[in-house]
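> Starting from the structure of chain A, add chain B where the hints point.
Protein chains: 2
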Amino acid sequence: MNDIFLKACRGERTSPVPVWFMRQAGRYLPEYQEIRGKSDFLTMCKTPELAAEVTLQPVELLGVDAAILFSDILIPLEAMGANLAFEEGRGPVLQPPVRGEDDINRLHHIEPERDVPFVLETIKILRRELADKVPLIGFAGAPFTLASYLIEGGGTKSFVNIKRMFFANPVLFRRVMDLITDVTISYLSAQIRAGAQAIQLFDTWAGVLTRHDFRDAALVYARRIFNELRPLGVPMVYFVFDGGHLLDLVRLSGADVIGLDWRTDIDTALFLMGDGNVVVQGNLDPCMLFLSEERLRDRIAEILFQGTMAKSHIFNLGHGILPEIPPEKVKLAVEIIHELSA
Amino acid sequence: MNDIFLKACRGERTSPVPVWFMRQAGRYLPEYQEIRGKSDFLTMCKTPELAAEVTLQPVELLGVDAAILFSDILIPLEAMGANLAFEEGRGPVLQPPVRGEDDINRLHHIEPERDVPFVLETIKILRRELADKVPLIGFAGAPFTLASYLIEGGGTKSFVNIKRMFFANPVLFRRVMDLITDVTISYLSAQIRAGAQAIQLFDTWAGVLTRHDFRDAALVYARRIFNELRPLGVPMVYFVFDGGHLLDLVRLSGADVIGLDWRTDIDTALFLMGDGNVVVQGNLDPCMLFLSEERLRDRIAEILFQGTMAKSHIFNLGHGILPEIPPEKVKLAVEIIHELSA
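Residue numbers (our numbering), protein chains in the order written: chain A, 7 to 348; chain B, 7 to 348.
Isolated chain A, as found in the complex:
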């Protein structure tokens, strides 16, 4: 098996540097669009054969060094009792929002084997299919990020409701967060038992917090997850999107790998995290895939060079691949990364 991803997670320098892309199974691929044309997004997530098929596409089409489970971070919220819907052009909607005691009382802990069997079945299919190829990454949304969807009732720009609850009713906030944290521990443990060989915790929205509030509203919960999962022995990645101001705290999370978005250069990130003894993942701006081949090569070379200053480096984007990106450019990027770091 190509295990350079797992080696890099454990702090070994590899040749070449491993690469995978967030949202590598996604709408930019015509092969994905073909399946998506026949079933809606949630159905794809819940049908193991379909989820497994789109998970495998980028491995075969692009030559990336890891597969990541095709699913959605909101799946466990639905399993907890929230009403989840994806509305065209509006994104996820979770109504009614969780704002008071009664709303929390309607939510419950999950048993993954009973409540999200399709996720575990997808992982089992994938491990069989991937056995001789690349490792499989499982994932979950981090508690602050999941809570923001629950409390806001969907996406938000201001995060006013979750912050209001955190500031004005910290006891209620903690109840929501404790429940989501417990659910996430169960959910990721089950993924690992089913065969996930690494996990990534996505904290897409914790970057809207001050340093002070990030500790109390996000980091303590993420830390609990990493502490509980550590005995299971798989590498763990923590990715706080737009979290450049939080990196020294992010490093205290207990994750093995720190994901970086494109805003913070790797060398600055290493400086902010105190030294180079840390494994980093990132961090090409997805829109740079619109650059000419020559300039794309320069940017990749710069990131790879900065990555040599970390303990080890996993190449990735600083955010998910956008639907507008030409797939041949993504493939080209993989080739350039492998070539330049070999």
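Don't take each hint at face value.
Pairs count within a copy or across copies, as identical chains cannot be separated in the list.
[Unchecked claim] Below, in silico cross-link-like pairs of lysine-lysine (DSBU-like), each with a Cα-Cα straight-line distance of 35 Å or less: (1) K163 / K44; (2) K44 / K130; (3) K44 / K13; (4) K139 / K317; (5) K317 / K44; (6) K130 / K13; (7) K163 / K335; (8) K44 / K139; (9) K335 / K317; (10) K337 / K317; (11) K335 / K139.
Hint data in this document are derived by calculation from the structure and do not stem from the laboratory.
Below, chain B alone, put in the same frame as chain A:
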């Protein structure tokens, strides 16, 4: 006149520290809502008596130390020939988006006295009304931010179209940016001639850029604006929202005052900008206005203490006031800031 705001802009330490709030004339005020109930947002911007009235409301109701012109950053884009509309729940829409040569050819330079006379008239009314009270701040959107609305055709989360143009067609991108920069220089010069006593350049979206790209896609244009306006002798503020990773570059803009959002603590910002010899404005998270009085006081005290390490400090929020914030809490914050810094 209460001129502590202007003194602080020029680097004098003041007692108390001056305070004003971004979007202090806004929907959280019932007095604003009353006027807004009778006319739509763009009509308010374009009717000098109405714009002046809502500009004055927070000065009288809250006791802030500066007024800021009530207007919208997109007003000059409309004057350049773009179709601007505000759709309920969707925000600003500018259709068709600017994507090619032909789209740019439809846009033109502006003569503020001819194209946006209502803005200049509002400023004149306000200077008469405010003469013995507080200074008036004029403002404009920074070129990258304005270009993002033009090129995306409205708001965006991914900024994929503006980044694609910047990466794939830099010559076209520069044409758009040069035109917007020239327009902004004319627009702000006219505001200053009409009586604006300070100006703020809002770069709401430049924080989505890497350090490398911020220089070429935003900073050079903002710098040109500050350089051109410098001889007019009014203090100039540059606010790059979510720009913590860019602060050392932001400092090179030539602005007199650097606005900070809530993510980056003032002490960290000073460190990133190289030393304490800089005037800072910020940076309470607007949602902290949901805190209890006791805890709000603690947070304000912390920000004021950090502000003492700068050359001088203007208190502000890290972003605009949200409609959900109780106005009495905003008034209380002004009182606490004045009391603790006297």
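> Take the hints in turn and mark each one as holding or not.
Against the structure, the hints:
1. K163 / K44: both (32 Å within a copy, 27 Å between copies)
2. K44 / K130: within (24 Å within a copy, 61 Å between copies)
3. K44 / K13: neither (38 Å within a copy, 65 Å between copies)
4. K139 / K317: within (25 Å within a copy, 58 Å between copies)
5. K317 / K44: Neither. Shortest intra-copy (44 Å) and inter-copy (62 Å) distances fail the 35 Å Cα cut-off.
6. K130 / K13: Result: close within a single copy only, 22 Å intra versus 67 Å inter.
7. K163 / K335: both (31 Å within a copy, 22 Å between copies)
8. K44 / K139: For K44 and K139, only the intra-copy Cα distance (28 Å) is at most 35 Å; the inter-copy one is 65 Å.
9. K335 / K317: within (28 Å within a copy, 48 Å between copies)
10. K337 / K317: This pair counts as within: shortest intra-copy Cα distance 26 Å, inter-copy 50 Å.
11. K335 / K139: So K335 and K139 pass the 35 Å test inside one copy only (23 Å; across, 59 Å).
The structure shown violates the earlier hints numbered 3, 5.
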